[in-house]
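Enquirer: Put chain D on the given structure of chain B with help from the hints.
Protein chains in written order, with the working numbering: chain B, 1158 to 1828; chain D, 1158 to 1828.
Because the hints were derived from the structure by calculation, they are not lab data.
Hints are supplied without guarantee of correctness; some may be wrong.
The list treats identical chains as interchangeable, and a pair is accepted whether it falls inside one copy or across any two copies.
What the hints assert, rightly or not - Straight line, CA to CA, 30 Å or less: simulated BS3-like cross-link-like pairs of lysine-lysine:
hint	residue 1	residue 2
1	Lys1225	Lys1693
2	Lys1677	Lys1626
3	Lys1779	Lys1468
4	Lys1479	Lys1779
5	Lys1780	Lys1677
6	Lys1780	Lys1479
7	Lys1225	Lys1626
8	Lys1780	Lys1468
9	Lys1677	Lys1779
10	Lys1256	Lys1354
2 protein chains.
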Amino acid sequence: MFQVRQTWISVAFFLIVPALRPLAAQPGSESWKDQGIVDVTRSPHAKLHTIPIRAITIDQGFWAERRKTNLEKSIPTMREVLIANGRMENFRRLSGKSKAAQNGPVYGDAHVYKWLEAASFALQSGDVPELHKATEEIISDVVAVQEPGGYLNTYYVEDRASQRMLPAVQSTGHELYNIGHLLQAGIAYYRATGDRKMLDAATRFFDDFIIKSYGPEPDKKPLVSGHPGTELALIELYRMTGRKQYLDLAGYLLRGDSERMPFPQSRYVYMFCGIPFTSRTQLEGHAVRAMYAASGATDYYLETGDPAYWKTLETLWNDLTKSKMYVTGGVGSRGSGEAFGDPYELPNSRAYGESCAAIGNMMWNWRLLLSTGDARFTDIVERVLYNGLNSGMSLSGTTYCYRNPLEYAPESGPIRNSWYTTNCCPSNIQRIFSALPGYIYGTSGDGVYVHLYQNSQLDWRLENGVGLKLSQHTNYPWDGTVDITVTPALASEFTVYVRIPAWSTTTKVAVNGQAMSGVKSGTYLPIRRRWAAGDKLRIQLDMAPKVLTANPQLADDSGRVAIQRGPLVYCLEQLDQNGVTSLSDVAVVLGRNPGSEFRPELRRDLLGGIVLLRHEGVVTQKKLSEEPLYQLFEPVSQRITRPADLTFIPYYVWANREPSAMQLWVRYIQR
Amino acid sequence: MFQVRQTWISVAFFLIVPALRPLAAQPGSESWKDQGIVDVTRSPHAKLHTIPIRAITIDQGFWAERRKTNLEKSIPTMREVLIANGRMENFRRLSGKSKAAQNGPVYGDAHVYKWLEAASFALQSGDVPELHKATEEIISDVVAVQEPGGYLNTYYVEDRASQRMLPAVQSTGHELYNIGHLLQAGIAYYRATGDRKMLDAATRFFDDFIIKSYGPEPDKKPLVSGHPGTELALIELYRMTGRKQYLDLAGYLLRGDSERMPFPQSRYVYMFCGIPFTSRTQLEGHAVRAMYAASGATDYYLETGDPAYWKTLETLWNDLTKSKMYVTGGVGSRGSGEAFGDPYELPNSRAYGESCAAIGNMMWNWRLLLSTGDARFTDIVERVLYNGLNSGMSLSGTTYCYRNPLEYAPESGPIRNSWYTTNCCPSNIQRIFSALPGYIYGTSGDGVYVHLYQNSQLDWRLENGVGLKLSQHTNYPWDGTVDITVTPALASEFTVYVRIPAWSTTTKVAVNGQAMSGVKSGTYLPIRRRWAAGDKLRIQLDMAPKVLTANPQLADDSGRVAIQRGPLVYCLEQLDQNGVTSLSDVAVVLGRNPGSEFRPELRRDLLGGIVLLRHEGVVTQKKLSEEPLYQLFEPVSQRITRPADLTFIPYYVWANREPSAMQLWVRYIQR
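With the rest of the complex left out, here is chain B (with noise of 0.2 Å):
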């Protein structure tokens, strides 16, 4: 009986399948509604595909509370200050509605840009009136800057107008990458409410202004993006229309034109452009840009499965993961440049961890994960997410990190601001968050994946047509419990996926009370059968908290451990602890079985809510800071030293009270 039900079933998938796919010739999603944060419905090498932010609810828990925080305060928080500090004014002057003078830097359009994309993304799941009104007051000031050439841009006009793509501008100037940023921001409006007049403006600016007179034909003039990011803009452009044109753009600024644009290699190296992206073999120069290029020759390999960038995607991964990024998933080390160091130049003070470098970090990680279902790119997308990323916005929703330093001195001045003269991180802290349902889950042909936890209720459908409900229930990250129920709306025989994060050294699974076997940290545990509505799962993951060290080629965390508990890193705030008046005077003390001696408690009344930890540790008497530069060895355990309770909390939300030392990786002793 049940195996004849399943193959009629099968039989009944053959019929729904083409029923359900009229539009496949046509490029793109069915509707605006359907496309999720990158289409790749018909992308030829994409293993995975996205779905829509509005089939996904996210209605309590961790993240509903972070994005209720985004859509009221951040994002229309953002708004007024953008304004205040004349972003909008340079629009709004060349429209002869304001008279005041241009201001701030060549960038500063993508503020606003970055600012329309959060909105739209928020937009994604939900009318919010008031915030509807106010994009659509920017888009209407925005759109009636463009000239009948089809250029936008309000720096480069007036007395700067000749200067409009001279090599020298488009290597500094920022023309593209506002432009990519303009066009994202359409993509999001437009699958927010189906209005295209954000990214038909911007797809003019391309049409009209670039691709008829620039490009690798000799009758053109050549292109160098000078800060990447309009590539995968411009594959998305591709992907929504199927003018394989903006798919050819994006592919020669990732070719560069060396010959014809030709700058100092050093330029090359900070640009992380102009040169063929496949010749290169290491991250290196400006981490935003080397990120988001990244993520745009990885959208190039999923349309066209080039493999010599794959082989590159792997080696630049390969370098990020093995000597370049930091336990928080932030990446680019080095301040001057904001640029990747060299391998194993992780400081931590001194880290610069831009919000942004992070954020491309997981937008690359998305896509690598797209490419192939595997579950260490996933690994990287939480990390970030939870960590470099999230430390970027306080709790308050109203000030940002730039930078997202490992260990911090209140003496080195204030590091969450309400405001940027480069303001780039801010919007784009927003608009992940806002995007945020569309990362939790994905399908593949045979079912659907799960990629993070969170209490959320998704409504969406299979590949082939049948719909699917999936209510996930969880306290994470705070408990390694998770229930998801399945309600397939035929019962049917498809795979689920279930994430098993690299760091759940032991995870337990079960359907229907029933354990799974074959459960491997860092994979997804395809569980194929035959699912029926109210069928519950199960997942059960190791919250023990974890001492890391790091390769002691990383010289600056030599000696020292960083505390992880589920997928949050922890951190010491010198307020919380007890008697201690200089972190640098701290150790974590370490019996045999290091990880088993943290003491977890719950408080609902810090920091919004966290999950802290307590450990056993000791000051030294004398304070380290008054000892001298180098001195006869005398090992740390032998130095005169009281007991101290040790208080972590989650990196995230430090810097949310008054001033205070920070440290992440602290100094260890054994017992």
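Expert: The following block gives chain D in isolation, referenced to the frame of chain B:
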């Protein structure tokens, strides 16, 4: 009888003193032959005075070998290299002797002047006809270029003449820096030969070109050093001539004139000049500039006794020794801007540690020693000399380090080169080696100071005029026993100040076999007695290898130790370690009494003759470079290792064989 004789001699002193100081009313020492490295004979705030180089002969032993190489190989080959690279053509073309085009950077003239100073110091130890002739030829080509108005520079000529001394050029163009080096060379040549022509040319530049038109007076144009160094040259000129205008000009440059010469704050940081030296609170910016500025400021203090200068010098010295100096004495850890880093920012493989900055550190501490007689400054002079400066010249004497890292991988490229486009370091090292005899001893009103230990013969006089010979016999730094025969021309009471290095934990000092009490590390032991011809002074220094740790705030050295024996810091070169494929995998195993477990081994056949140190170590079986960036905690002591016999060599001889990895701070485990 004894008592009576002593009294008689004291009376005799009073009779002799006036007779020996007939020129006391005139500035400077009695003759060019009597002037030391700096001539502080009349400096009111000098506690110690220098001894002319020619009064000390170094005939065998450690520095005799290095100085022989310097004189016979380095200085002659550098002359050829300078000529081959067009540095002399820049002068000869302006006299019509060459048709070559201007060649090289704005500070190219200083490359020639530093060589002239190195050669001149060498000639102070005795004439070398061939070198004397070569020097004369070059001086002749240099002074021929001086314009009637005093200007002398091969870069700001012809089309560039209109840029001379423009504010931006003062900041970057090195005009004063170049001429400061010509002045230093002119002084050294005068002290070698009595010939004033180079000295007069440099003086004319200041008299006729600078002082007439530039200065603090409202009717003159303002000045900024741009690259300090000129200040100390000007003060030496003041000491020689007694003309206060040079001291005042140096004081003006040390104060800066920021109202009339405004630059961005970052430029004042980088230049370490342009704002009052006494407003500085930390070492920052370009390290060579900072060290030369501090040297000049100490010279200014020696003449004026201005307490504000002394306060700043103390503040900066504490900043240096507490958090910004490598264990080699090297300074300036950042490649970007060749700059001082933050406190405790002292990375090893990325260490910049420019040879010129180490030299500046030695010059500064030498002047602080002259101001105070305090052994803490001599400790730094010795540390720099034997390590971070000594490493800068190869054993062959023909290649040089610009950077002096504390860890090195051959893949990063050759570290010793025969020539640099910015060729500041090679002749800078040469001048220190040439001047070395002048650093060994000093005098004070009551006796003689023994600063450094080196086989040598002193033939000079006490400040009361009584002749004094000191004959020093030692195999230092390989052996800790130093025998000094004291031979005053007249048996008399005076003090011999014997330096007890800070690193010498247990030191014995005996006079004629009788042990002295009160010996204390890091001080001068004053031995006041009636000294008679043939008195024997024996110093036995503690040559037990010392294991050093860095302050835990210096993250890069955490979990690591450095080895020092006598004044020499040691390192590992991979080619000496049997069966080790990567120094990253090595740890030294320390027991209860770590220093005693090193096995010194004198090897006359190796690297010019050295004492190497052997010690038990381990190599991890799994290569650390293959381990992940972050992983679950597992102490190094629990890794699977195999024993390895480690061989340490003195740091200064590294990179004198085939390219090989090097590491100074070595990981340790405890037995």
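Enquirer: State for each hint whether it applies.
Expert: For each hint, the structure was consulted:
1. In this assembly of identical chains, Lys1225 and Lys1693 lie within 30 Å of each other by CA distance solely inside one copy; the values are 29 Å within and 86 Å between copies.
2. Within a single copy, Lys1677 and Lys1626 get their C-alpha atoms as close as 26 Å, which meets the 30 Å cut-off; across copies the closest is 81 Å, which misses it.
3. Only between protomers do Lys1779 and Lys1468 lie at most 30 Å apart by alpha-carbon distance; the minimum there is 27 Å, versus 53 Å within a single protomer.
4. Taking identical chains as interchangeable, the C-alpha atoms of Lys1479 and Lys1779 lie at most 30 Å apart only when they sit on different chains, with a minimum of 16 Å there against 37 Å within one chain.
5. In the homo-oligomer, the alpha carbons of Lys1780 and Lys1677 lie at most 30 Å apart only across protomers (26 Å), although the nearest pairing inside one protomer, at 45 Å, exceeds that limit.
6. Only between protomers do Lys1780 and Lys1479 lie at most 30 Å apart by alpha-carbon distance; the minimum there is 14 Å, versus 35 Å within a single protomer.
7. Within a single copy, Lys1225 and Lys1626 get their C-alpha atoms as close as 23 Å, which meets the 30 Å cut-off; across copies the closest is 86 Å, which misses it.
8. In this homomeric assembly, Lys1780 and Lys1468 come within 30 Å of each other (Cα to Cα) only across copies, at 25 Å, whereas the closest approach inside a single copy is 51 Å.
9. Taking identical chains as interchangeable, the C-alpha atoms of Lys1677 and Lys1779 lie at most 30 Å apart only when they sit on different chains, with a minimum of 24 Å there against 47 Å within one chain.
10. Taking the closest pair of Cα atoms, Lys1256 and Lys1354 come within 30 Å of each other only inside a single copy of the chain (26 Å); across copies the shortest separation is 67 Å, beyond that limit.
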